[in-house]
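Line by line, the protein sequences give chains A and B. In terms of this note's numbering, the first sequence opens at residue 1 and continues consecutively. In terms of this note's numbering, the second sequence opens at residue 1001 and continues consecutively.
These are computed hints drawn from the structure, not numbers from a lab. Errors might be hidden in some of the hints.
[Stated by the list, open to error] For each label pair, taking beta carbons as the anchor points, the in silico distance ranges come out as: (1) B:R1209 - A:D5: 52 to 58 Å; (2) A:E148 - B:A1262: 55 to 61 Å; (3) B:G1275 - A:Q310: 26 to 32 Å; (4) A:K99 - B:P1076: 36 to 42 Å; (5) B:R1360 - A:V260: 55 to 61 Å; (6) A:Q310 - B:R1255: 54 to 60 Å.
[To be verified] Using 25 Å as the maximum straight-line C-alpha spacing, the simulated SDA-like pairs for lysine to any residue come out as follows: (7) A:K134 - B:A1301; (8) B:K1134 - A:K99; (9) A:K238 - B:E1336; (10) B:K1238 - A:N256; (11) A:K356 - B:P1227; (12) A:K238 - B:K1134; (13) A:K238 - B:D1312; (14) B:K1072 - B:M1164; (15) A:K99 - A:N256; (16) B:K1220 - A:K356; (17) B:K1134 - A:K134; (18) B:K1099 - B:M1164.
Heads up, the beta-carbon is just placed ideally off N, CA and C, and yes, glycines get one too.
2 protein chains.
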Amino acid sequence: MDDCDEADFVVRQREPFNAEPLPSRLIEQYLTPQSLLYVRSHGAIPHLGGNHAIRFGGDGLRDAALTLAELKAGFPHRSIVAAMQCAGNRRADLQAVGKTNGDPWDVGAIGNVEWTGVSLGDVLRDLGIGDRRKGYIVCKAADVDEVEGEAHAYEISITLRRVMEGDVLISWAIGGEPLSPAHGAPMRLVVPGYAGVRSAKWLTSIELRDEPSAAPIQAKDYKLFPPDEVGRDVDWSKGLVIEAMPVNSAICVPRNGDTVDAGALTVIGYALAYGRRVARVDVSIDGGRYWAGARFIDVGAAPDAWQRWQYDVDVAPGRYEMVVRAVDDAGQSQPERARDVWNFAGYLSTAWHRIKVEVR
Amino acid sequence: MDDCDEADFVVRQREPFNAEPLPSRLIEQYLTPQSLLYVRSHGAIPHLGGNHAIRFGGDGLRDAALTLAELKAGFPHRSIVAAMQCAGNRRADLQAVGKTNGDPWDVGAIGNVEWTGVSLGDVLRDLGIGDRRKGYIVCKAADVDEVEGEAHAYEISITLRRVMEGDVLISWAIGGEPLSPAHGAPMRLVVPGYAGVRSAKWLTSIELRDEPSAAPIQAKDYKLFPPDEVGRDVDWSKGLVIEAMPVNSAICVPRNGDTVDAGALTVIGYALAYGRRVARVDVSIDGGRYWAGARFIDVGAAPDAWQRWQYDVDVAPGRYEMVVRAVDDAGQSQPERARDVWNFAGYLSTAWHRIKVEVR
Chain A
1 MDDCDEADFV
11 VRQREPFNAE
21 PLPSRLIEQY
31 LTPQSLLYVR
41 SHGAIPHLGG
51 NHAIRFGGDG
61 LRDAALTLAE
71 LKAGFPHRSI
81 VAAMQCAGNR
91 RADLQAVGKT
101 NGDPWDVGAI
111 GNVEWTGVSL
121 GDVLRDLGIG
131 DRRKGYIVCK
141 AADVDEVEGE
151 AHAYEISITL
161 RRVMEGDVLI
171 SWAIGGEPLS
181 PAHGAPMRLV
191 VPGYAGVRSA
201 KWLTSIELRD
211 EPSAAPIQAK
221 DYKLFPPDEV
231 GRDVDWSKGL
241 VIEAMPVNSA
251 ICVPRNGDTV
261 DAGALTVIGY
271 ALAYGRRVAR
281 VDVSIDGGRY
291 WAGARFIDVG
301 AAPDAWQRWQ
311 YDVDVAPGRY
321 EMVVRAVDDA
331 GQSQPERARD
341 VWNFAGYLST
351 AWHRIKVEVR
Chain B
1001 MDDCDEADFV
1011 VRQREPFNAE
1021 PLPSRLIEQY
1031 LTPQSLLYVR
1041 SHGAIPHLGG
1051 NHAIRFGGDG
1061 LRDAALTLAE
1071 LKAGFPHRSI
1081 VAAMQCAGNR
1091 RADLQAVGKT
1101 NGDPWDVGAI
1111 GNVEWTGVSL
1121 GDVLRDLGIG
1131 DRRKGYIVCK
1141 AADVDEVEGE
1151 AHAYEISITL
1161 RRVMEGDVLI
1171 SWAIGGEPLS
1181 PAHGAPMRLV
1191 VPGYAGVRSA
1201 KWLTSIELRD
1211 EPSAAPIQAK
1221 DYKLFPPDEV
1231 GRDVDWSKGL
1241 VIEAMPVNSA
1251 ICVPRNGDTV
1261 DAGALTVIGY
1271 ALAYGRRVAR
1281 VDVSIDGGRY
1291 WAGARFIDVG
1301 AAPDAWQRWQ
1311 YDVDVAPGRY
1321 EMVVRAVDDA
1331 GQSQPERARD
1341 VWNFAGYLST
1351 AWHRIKVEVR
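Excised from the complex, chain A in its bound form:
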């Protein structure tokens, strides 16, 4: 992969290419650079030329085809900081209690990104959306994916109401740097506060419709199913379309299985709460019996951003189970056990994050 330095990554799959950064590198910065952002591909990575245009149309919208240069010239530029997290982040913890679909992501299928682009709402206004708020924006992409053994163009939908809140972007840059092919060059959608799957890369068309997309990525995959649905003869309508996600947190330093020296230890990680504020992060070094509060590293983090936290503790030689959980400003926290949130597709793995550390 030419997009990331593989020394900083754990590759989960070669084809399609899926990789997450080492947590210790990921957590170094508040803003994740493109070179440290996880890559989640559903098919081969498309390489679109500089003259690639996104087609717009459907349901009374004026038809248009706009290149990156035309979007940049025609609409105000916006920069938004928003965490992007794969719905399957931390799936390895679910797989530890039961088989699921999907790659065994550790804690790195997330990044906290400064996106630059234009508001999709501004573009739709220019194309005649007027006061309409009912319906869906269906976004098609250039990649071809396999779901349940069949190949389909990648296609997702989000409600027009969400788009018209203004912060949904057609983005061309991460941290001021043009999107690399792996991250959707030349233009991708960014839906702040939604699971990564909705932020379609390599956009080819954006259409207004009365109904959501029936493509498998939208209608079957990336849904949360109840525990009595085990993945055979699935009633796909029973799943919840994953958009916002539950409060989550993880320890990035030290790593599970590390051996560290006795004395001062700094535990570092992230937390995020999807449209709510992270009110508190609790850390335990004894498996969850005694908890203490972590301090926030990032003061004044943006609403859809992550919040890095730090906990300083003196440790004597021995074996420790370190645990983290976050609490949002509605008092909502994470479930204790992965088995309580197991689902056959392996999404929304948000149980308390636990690691084992030996102190010598």
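Based on the hints, put chain B in the right spot on chain A.
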């Protein structure tokens, strides 16, 4: 108490009067009538006359004193359905794992109410609020309460931003019936989607200020503290002011300890998700090993309303532990165990609700 038929209530405290309805009565209707709404008083119930006026003022607002008749005549009437839940609802489950402050509420310190009144935002606009959105609305009430051994007038604050969303009401009626003295006659605040404590009863003044109220109800009580704060020499600044609450659910029928006949059994309860939609309710009759989906009784419930659910099952003779948990549309669910959310003040008791039932 002249406000409720005590045959339908469990009285938790006489002075001040605190009582919750029998869950089997509470769950009969989507809209809770005033006669079945829990009563939470912090002091003696004030009896204010028909000419009682609320004083408005502070920070550049035009001073005014408005009676119920003047509010009714001067502003558009609004009706809003919103659940009102005490931050201490289900506290008995927390007290089962550790001592806390407060009354041992079962599952009845909640009601789903149709409120009628005027928008406080409309009143503030009339008094010259203009475009201002920074600051706090401080609401004083006629009751006097004791917090930490000291008597204070009841006083809470909410952000001006929240008020100007429009659905915060000065309300005079529940289900079309004038407020009884126990529920705040003649006029109370209603803050949809916030814990009951913010919906101050017996309003006497509403003031715009730069800072939140420093009164103990706002600044000390009704805060969520971390588990390492055990209630001695409390650092009050460490608590999270409780406004929105976590997703919650409870079984209302049958009751804990009931004996029922073998055969068809209907389990009924409520769920609510504070600004999010209740996406799913899971029920288990074997203590949480196998879960099945409940069906919703109320289709199209309002955003801040509860959602009643029902689960029909055939049961053979034996002992059962029945459990419920709700999942919101961000995939957020409830914690498994009460000990994981214990806090010394006994708030936000939202672990899976469990009851024991014998089938004969």
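Out of the numbered hints, which ones does the structure contradict? Those not satisfied are hints 2, 4, 6, 8, 10, 12, 16, 17 and 18.
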